[in-house]
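S.K.: Sequences and hints are given; from them, build the entire structure.
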Amino acid sequence: MSDQKKTTIVLFNGDYDKAMAAYIIANGAAAYDHEVTIFHTFWGLNTLRKDNKVSMKKRFINKMFGKMMPRGADKMGLSKMNYLGMGQKMIKNVIKKHNAMPLPQLIEMAQEQDVKLIGCTMTMDLLGLQKEELLDGIEYAGVAAYIGDAEEGNVNLFI
Amino acid sequence: MSDQKKTTIVLFNGDYDKAMAAYIIANGAAAYDHEVTIFHTFWGLNTLRKDNKVSMKKRFINKMFGKMMPRGADKMGLSKMNYLGMGQKMIKNVIKKHNAMPLPQLIEMAQEQDVKLIGCTMTMDLLGLQKEELLDGIEYAGVAAYIGDAEEGNVNLFI
Amino acid sequence: MSDQKKTTIVLFNGDYDKAMAAYIIANGAAAYDHEVTIFHTFWGLNTLRKDNKVSMKKRFINKMFGKMMPRGADKMGLSKMNYLGMGQKMIKNVIKKHNAMPLPQLIEMAQEQDVKLIGCTMTMDLLGLQKEELLDGIEYAGVAAYIGDAEEGNVNLFI
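Residue numbers (the numbering used here), protein chains in the order written: chain A, 1 to 159; chain B, 1 to 159; chain C, 1 to 159.
Heads up, a few of these hints could be off.
To be verified - Straight-line Cα separation of at most 25 Å, BS3-like style, residue types lysine-lysine; simulated pairs:
no.	chain 1	residue 1	chain 2	residue 2
1	B	Lys67	B	Lys57
2	C	Lys89	B	Lys67
3	B	Lys92	A	Lys63
4	B	Lys131	C	Lys92
Just so you know, the hints here were simulated from the structure itself, not pulled from any lab data.
M.R.: Right, here's the structure in full:
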């Protein structure tokens, strides 16, 4: 076992603010030399979607999920005070005013810092998401890989 | 202290999808020989309710909570895109199509793998839930037992 | 490194019930001699707001956030079954009936037990919250301090 500290985050929720929190913690831990992994599962997978439509053949029900879910980090709503998107506009607005980083840049930064971004294959299957629809540079794994990582983790969070 | 790894999960939320995530992780950890405990508190207790009505004397306010909360795993809604139950039907539908396990079976599997399922006595009291209303084979404990378990845990999650 | 066990909680959500769960676990861990820290970030910061209005100069957008967010623990709604505040009244009612502790008292108890209550400076900035608006005895820090604490933690939760 190496001496490097480890942080693992399960990102389950598909809210802009919760994904921001996950990526801020991940980037912080990476800056402190942790080996960091974010497992994206269920609605958290939307964080990784490309923002353009990728056309492919799908079952009807999977098409419906695909249409109903936000296409990428920039389109996700807030967990609180969303008010049909107004809260989200406000947050993006204050992020800009305070020179803080919006979510898409936090994701880029994580990739530059070698944070491992993983898509959960089982829930991709359930929601009908395919690799072509997700960002490049993502890895794919299931619950076994998560347990293997987390049991060595110093900081394990479910967000 | 034994060498066996430990996973503890506090299941606070009463959503079908979050409970699925909790039980998938629990079953995964148990398959990797972890000693696993799920503490069901607040709305997470609904996961453990029997689906038939158990008649008993209760205060009026506890009766109201009892009526308003879903009776068992199979009746819980989604945390996102629930759309008055339609999203939940869609999820159950794709679970069947992909031969994945619906929540009630994930709970059964957890019990077969000796995952300890615990009902938080303090919140049972608050919500007026009684042992007769919950599944058989559940244990009952409070926050002290949780701290004792979690401080030895390798993976501790709040879901 | 001391032998004292450590618990850290990130309180992200601004719901009465989730904050109760966070403070019950924090108080439990402190009773078992853990060194406990709660990092309040995003909507979790509302838990720490004073319940009276503190007048100060703010940008328009920060004023709006300030008005829209609940002023203190006692004013927060439930994560489930809030029904325009009715669920919250019911919870407070049953808390009283069962001689359990309402949230403001749980916070007091935590302060008496030396649980470290921290406000996340970055999100205070984003939401336009200032130190004068938050309870006395709070400390202020960012993600670096959180990582430093959590990597030594036995129990780390995101609520």
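S.K.: Compare the structure with each hint and give your call.
M.R.: So, going through the hints one by one against the coordinates:
A distance of roughly 14 Å separates the Cα atoms of B:Lys67 and B:Lys57; the hinted pair therefore holds under the 25 Å criterion. Restraint check for C:Lys89 and B:Lys67: satisfied, since their Cα atoms lie roughly 17 Å apart, inside the 25 Å limit. Of the supplied pair hints, the one linking B:Lys92 and A:Lys63 holds, its CA atoms being roughly 16 Å apart against a limit of 25 Å. Under the criterion of a C-alpha separation no larger than 25 Å, the hint pairing B:Lys131 with C:Lys92 is consistent with the structure, at around 23 Å.
Hint violations for this structure: none, all hints satisfied.
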